[in-house]
Every structure is written in structure tokens, then in C-alpha cells.
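Trainee: Going line by line, the protein sequences match chains Z and F. Counting from 1, position 82 in the first sequence corresponds to residue 82 in my numbering; the numbering is continuous, with no gaps. Counting from 1, position 123 in the second sequence corresponds to residue 123 in my numbering; the numbering is continuous, with no gaps.
Honestly, the hints are just simulated from the structure, not real lab data. Check before you lean on any hint, since a few could be wrong.
Here are the simulated SDA-like cross-link-like pairs (lysine to any residue), alpha carbons at most 20 Å apart as the crow flies [as the list claims (entries may be wrong)]:
#1 K62/Z x P104/F
#2 K33/F x E72/F
#3 K33/F x Q61/F
#4 K62/F x E106/Z
#5 K33/Z x P104/F
#6 K62/F x F49/F
#7 K33/Z x S102/F
#8 K33/Z x F49/F
#9 K62/Z x E44/F
#10 K33/F x V83/F
#11 K62/F x P104/Z
#12 K33/Z x Q61/F
#13 K62/Z x C18/F
#14 K62/F x C18/Z
#15 K33/Z x H80/Z
#16 K33/F x S89/F
#17 K33/Z x Q66/F
#18 K33/F x E44/F
#19 K33/Z x P104/Z
#20 K33/F x S102/Z
#21 K33/F x D28/Z
#22 K33/F x E84/F
#23 K62/F x E72/F
#24 K33/Z x E51/F
#25 K33/F x M63/Z
#26 K33/F x V90/Z
#27 K33/F x H115/F
#28 K33/F x K62/F
#29 K33/Z x C18/F
#30 K33/Z x E44/F
#31 K62/Z x Y17/Z
#32 K33/F x C18/Z
#33 K62/F x Y17/Z
#34 K33/F x R70/Z
#35 K62/F x K62/Z
#36 K62/Z x V90/Z
#37 K33/F x S93/Z
#38 K62/F x G31/Z
Protein chains: 2
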Amino acid sequence: METTDAALDDHDHGDAYCATCPCRDTLDLVGSKWTVLVIGRLQEHPHRFGELRRAVPGITQKMLTQTLRRLERDGLVHRHVLVEHRPPSVEYSLTELGETISAPLEAIRIWSEDHLPHVRAARADFDERADTTSS
Amino acid sequence: METTDAALDDHDHGDAYCATCPCRDTLDLVGSKWTVLVIGRLQEHPHRFGELRRAVPGITQKMLTQTLRRLERDGLVHRHVLVEHRPPSVEYSLTELGETISAPLEAIRIWSEDHLPHVRAARADFDERADTTSS
DNA sequence: CTGTATCCCCCTGGATACTG
DNA sequence: CAGTATCCAGGGGGATACAG
């Protein structure tokens, strides 16, 4: 995880294209596919753990926990434990920082939905082309 | 690769949150960390292979090829072979579809750069908090 | 120059079982 | 309910060598 945490304080705006640039780590945020969906849900409203689990079908507790931990560590998500509850209850919500990225991520999500047919068509075309070429 | 290509034509807009939804595949586009950087470069102007390789420091030929192939298959990138050249020369550029996603991806890239200090601070804080808690 | 082919390590991420 | 712990298969991805 802590791949490039040392000796990296130089950073010029407009250039994420440096092998040692730590913003590569930040880019990896999007890398774990679940983050986009989790943040998308939290953007709607705060969620409790199980609630979030149900809201993101297919995710396992492990991945949900892992994703939330990472997001919490990165300051995008706030974890609020309701101690008075029995059984325990934990609520997750976006921090201010988290809010700032939810819009861009939503754009990606929307794009995925909107252009899905286009992408699938392109794939079918590509694969077919590959087949006819080989024949 | 062809994880969920069959029996999936139902898709309601506004809901990427279905376990079997194929748009999860599309989300994975962002998943491979290199795509964001590669598309960012192609957004500036078409690149030849080696040129692109140099423009995205740290990427290996294998990953560059793999990334470009995937993007080509998904219809985001156009691959133009300049056959008359010796040695061969290949130029990559964004397709129309590719153009439509470059803006959202750029937003992510910008965000990564802009909020890097914030994220790093949050991490340090989180880690320190974890240490003092355990002690 | 633009790839393809191998080897191989490691990490992601799924399934399952167990705690407070 | 909200986790943690463990096992384990698969794939991402790096290094290297080779080909057209």
C-alpha cells in the first residue's frame, strides 16, 4: 500500500505524468472498482454498514470493509460509531473532501451506463473482425 | 475478459447498482490504472507507440500494448498503421467515443493532483491515530 | 519501431468461518 | 449488526527475450 510515501513533496500542477508522483496512489482510488459504487451510494445519503452492503449488490463484507477503511484513511469517508446501540451500529458518510470527488466519479458512472451499448457494439465488432481475419 | 457478455440486455438508466449489470465492465476501464494516463495523453494529441511510452513514464511495453488493445476493443482508441513506413509506425488516437470520456477522466486526474496534499495529510493523521490508539 | 511470448511474483478479491 | 481472520485461486503486472 505505502508504495511511494517517502521523498515526494515536489509536485507541479498539471502534470500527473511522473513515475514517482504520489498522485498515482490517488488515481488508484478509482482503481478498486468498488469505490466508485460505494461513494456513489454515500453521495445519496449516509449509510449504515449492512444498508450499504445491500445497496451495492455483489460486494462482499471483506471488500466493503476494505474499501471503507481505505476511503476513511484517505479522508473521503467519515465513520461514525453509534455506541449507544445494541447491537452496534456504524454510519458512514462522505467527508467534505469526499464530496469534492463524488461529482467526477458520478460522471464516470453515468458515462458507463450511457455508453454501454456503444462499448458492447465496439467489442462485438472488434472480436468478429479478429475472427474473420484469422479465417 | 468476457465475464458477463450473455443474457444481459436489460439496463435501466440511473442504476449501475445491479450485480449482473455489464456496465461494471465499463467501470473496470478506469480500473486499470494506466488507462487514465494513456487516455489523458491521447487527449492532448495522437501519439505513436514509443512516443506514448515515453509520455507515460513507468509503463512497460506489455502494459501499454495491453491497455491500448483493450481501449481499441472497447472503441475508445483508434489504431492507425502507417504501412508505408519502414520500420513500421503506428499511431493511436481517441475515437469519438473516446473523446466523450476524456473530460470526466481528466477531472479525476486533476482532482488527484489538486487534493493530493489533503489525502496525504488524512493518511498521516489516520495512521498516527492508529498508533496512539494501540499504545 | 512495434509488438508477441514466457516466466513468475504478488496482490486482489472471493468464500467461509468465527468474534464482540 | 459489524466486523476480523484465514485460505486460496486468478489475474494484474513487472522483467526479459525474441520476432517482423
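Trainee: Each hint needs a verdict: does it hold in this structure or not?
Mentor: Right, here's what the structure says about each hint:
At most 20 Å may separate the alpha-carbon atoms for a hinted pair to count; K62/Z and P104/F exceed this at roughly 29 Å. Simply put, K33/F and E72/F have alpha-carbon atoms about 16 Å apart, close enough for the 20 Å limit, and the pair holds. Straight-line distance between C-alpha atoms of K33/F and Q61/F comes to about 15 Å, which keeps the hinted pair within the 20 Å bound. Of the pairs offered as hints, the one joining K62/F and E106/Z is violated, with about 31 Å between alpha carbons and a cut-off of 20 Å exceeded.
A hinted pair counts as satisfied when its Cα atoms are at most 20 Å apart, and K33/Z with P104/F qualifies at roughly 16 Å. Between K62/F and F49/F, the direct Cα distance comes to roughly 12 Å. Compliance with the 20 Å bound is thereby established for this hinted pair. About 18 Å separates the Cα atoms of K33/Z and S102/F, which keeps this hinted pair within 20 Å; it holds. Proposed proximity of K33/Z and F49/F is contradicted: the alpha carbons are some 28 Å apart, above 20 Å.
Proposed proximity of K62/Z and E44/F is contradicted: the alpha carbons are some 39 Å apart, above 20 Å. With a CA separation close to 31 Å, the supplied pair K33/F and V83/F exceeds the 20 Å bound. A hinted pair counts as satisfied when its Cα atoms are at most 20 Å apart, and K62/F with P104/Z does not qualify at roughly 29 Å. Distance check on the hinted pair: K33/Z and Q61/F sit about 24 Å apart at the alpha-carbon level, beyond 20 Å; violated.
Between K62/Z and C18/F the alpha-carbon distance is near 19 Å, which keeps this suggested pair within the 20 Å criterion. About 19 Å separates the Cα atoms of K62/F and C18/Z, which keeps this hinted pair within 20 Å; it holds. At most 20 Å may separate the alpha-carbon atoms for a hinted pair to count; K33/Z and H80/Z exceed this at roughly 24 Å. Pair hint K33/F plus S89/F does not hold up; C-alpha atoms about 26 Å apart against a cutoff of 20 Å.
Proposed proximity of K33/Z and Q66/F is supported: the alpha carbons are some 19 Å apart, at most 20 Å. Pair hint K33/F plus E44/F holds up; C-alpha atoms about 18 Å apart against a cutoff of 20 Å. Restraint check: the Cα-Cα separation between K33/Z and P104/Z comes to about 15 Å, which is no more than 20 Å; the hinted pair holds. Restraint check: the Cα-Cα separation between K33/F and S102/Z comes to about 19 Å, which is no more than 20 Å; the hinted pair holds.
In summary, the hint linking K33/F to D28/Z is supported, as the alpha carbons are separated by about 6 Å, within the 20 Å threshold. Proximity of K33/F to E84/F is assessed by CA-CA distance (about 34 Å); at most 20 Å being required, the pair is judged violated. This hinted pair checks out: K62/F and E72/F have alpha carbons roughly 15 Å apart, not beyond 20 Å. For a cut-off of 20 Å, the pair hint linking K33/Z to E51/F is broken: about 29 Å separates their Cα positions.
Distance check on the hinted pair: K33/F and M63/Z sit about 19 Å apart at the alpha-carbon level, within 20 Å; holds. Distance hint between K33/F and V90/Z is unfulfilled; the C-alpha atoms sit about 31 Å from each other, more than 20 Å. Of the supplied pair hints, the one linking K33/F and H115/F holds, its CA atoms being roughly 18 Å apart against a limit of 20 Å. For the suggested pair K33/F and K62/F, the alpha carbons sit about 14 Å apart, so the restraint of at most 20 Å is met.
Distance check on the hinted pair: K33/Z and C18/F sit about 14 Å apart at the alpha-carbon level, within 20 Å; holds. At roughly 26 Å between alpha-carbon atoms, K33/Z and E44/F are farther apart than 20 Å, so this suggested pair is violated. Note on K62/Z and Y17/Z: the hinted pairing is violated, with a Cα-Cα distance of about 32 Å set against a maximum of 20 Å. Annotation: proposed proximity of K33/F to C18/Z holds, straight-line Cα distance about 14 Å (limit 20 Å).
Between K62/F and Y17/Z, the direct Cα distance comes to roughly 18 Å. Compliance with the 20 Å bound is thereby established for this hinted pair. At most 20 Å may separate the alpha-carbon atoms for a hinted pair to count; K33/F and R70/Z meet this at roughly 17 Å. As the CA atoms of K62/F and K62/Z are separated by approximately 31 Å, the hinted pair breaks the 20 Å bound. At most 20 Å may separate the alpha-carbon atoms for a hinted pair to count; K62/Z and V90/Z meet this at roughly 16 Å.
Proposed proximity of K33/F and S93/Z is contradicted: the alpha carbons are some 26 Å apart, above 20 Å. For a cut-off of 20 Å, the pair hint linking K62/F to G31/Z stands: about 19 Å separates their Cα positions.
Violated hints, in rising order: 1, 4, 8, 9, 10, 11, 12, 15, 16, 22, 24, 26, 30, 31, 35 and 37; the structure is consistent with all others.
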